[in-house]
Amino acid sequence: MRLQKATRCALYAILELASDPKRQLSANEIAEKYDISTNHLAKVLRSLGREGLVEAVRGAGGGYRFSGN
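In this text, residue positions in the sequence shown follow this note's numbering: the first is 24, and each later residue adds one.
Please keep in mind that the hints were generated in silico from the structure rather than gathered at the bench. Beta carbons are placed, not taken as given, at the ideal position from N, Cα and C, and that holds for glycine. Treat the hints with caution; some may be incorrect.
[As the list claims (entries may be wrong)] Subject to a maximum C-alpha distance of 25 Å in a straight line, what follows is the list of computed SDA-like cross-link-like pairs (lysine to any residue):
(1) LYS45 - LYS66
(2) LYS66 - ASP43
(3) LYS66 - GLY91
(4) LYS45 - ARG25
(5) LYS28 - ALA83
(6) LYS45 - GLY84
(7) LYS45 - GLU55
(8) LYS28 - GLU74
(9) LYS45 - GLN27
(10) LYS45 - GLY86
[Unchecked claim] Listed next, with one range per pair, are the computed distances between beta-carbon atoms:
(11) GLU55 - VAL80: 10 to 20 Å
(12) GLY84 - ARG25: 32 to 42 Å
(13) GLY75 - ASP43: 31 to 41 Å
(14) GLY91 - HIS63: 16 to 26 Å
(15) VAL80 - LYS56: 27 to 37 Å
(16) ARG25 - GLY82: 31 to 41 Å
(17) ARG25 - ALA83: 17 to 27 Å
(18) ASN51 - SER90: 30 to 40 Å
(19) THR61 - GLY82: 11 to 21 Å
(20) VAL80 - ARG25: 25 to 35 Å
(21) GLY72 - GLN27: 13 to 23 Å
(22) ARG81 - ARG25: 16 to 26 Å
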């Protein structure tokens with residue numbers, strides 16, 4: 024099955040963040056692990072944030088956390 028790049032990025036991010044919901048990761052950390060574009064992943068993470076699946080933590084040491092149910 025072929026998935027669109029954005030769908031694949033979203034799945035990688037959700038799986039990685041949901042594995043430990045208390046941990047926060049940067050887009051760069053996730054992108055490096057799965058060898059995907061950091062910029063494209065950041066765009067996907069913003070969309071996931073608007074849908075309430077991830078929570079963005081701003082500032083130094085910020086990142087993303089899983090917040091979906």
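Structure-based check of each hint:
no.: 1; hint: LYS45 - LYS66; verdict: holds, 22 Å
no.: 2; hint: LYS66 - ASP43; verdict: holds, 22 Å
no.: 3; hint: LYS66 - GLY91; verdict: holds, 18 Å
no.: 4; hint: LYS45 - ARG25; verdict: violated, 31 Å
no.: 5; hint: LYS28 - ALA83; verdict: violated, 29 Å
no.: 6; hint: LYS45 - GLY84; verdict: holds, 14 Å
no.: 7; hint: LYS45 - GLU55; verdict: holds, 20 Å
no.: 8; hint: LYS28 - GLU74; verdict: holds, 18 Å
no.: 9; hint: LYS45 - GLN27; verdict: violated, 28 Å
no.: 10; hint: LYS45 - GLY86; verdict: holds, 12 Å
no.: 11; hint: GLU55 - VAL80: 10 to 20 Å; verdict: holds, 19 Å
no.: 12; hint: GLY84 - ARG25: 32 to 42 Å; verdict: holds, 37 Å
no.: 13; hint: GLY75 - ASP43: 31 to 41 Å; verdict: violated, 19 Å
no.: 14; hint: GLY91 - HIS63: 16 to 26 Å; verdict: holds, 21 Å
no.: 15; hint: VAL80 - LYS56: 27 to 37 Å; verdict: violated, 19 Å
no.: 16; hint: ARG25 - GLY82: 31 to 41 Å; verdict: holds, 38 Å
no.: 17; hint: ARG25 - ALA83: 17 to 27 Å; verdict: violated, 39 Å
no.: 18; hint: ASN51 - SER90: 30 to 40 Å; verdict: violated, 20 Å
no.: 19; hint: THR61 - GLY82: 11 to 21 Å; verdict: holds, 18 Å
no.: 20; hint: VAL80 - ARG25: 25 to 35 Å; verdict: holds, 33 Å
no.: 21; hint: GLY72 - GLN27: 13 to 23 Å; verdict: holds, 19 Å
no.: 22; hint: ARG81 - ARG25: 16 to 26 Å; verdict: violated, 35 Å
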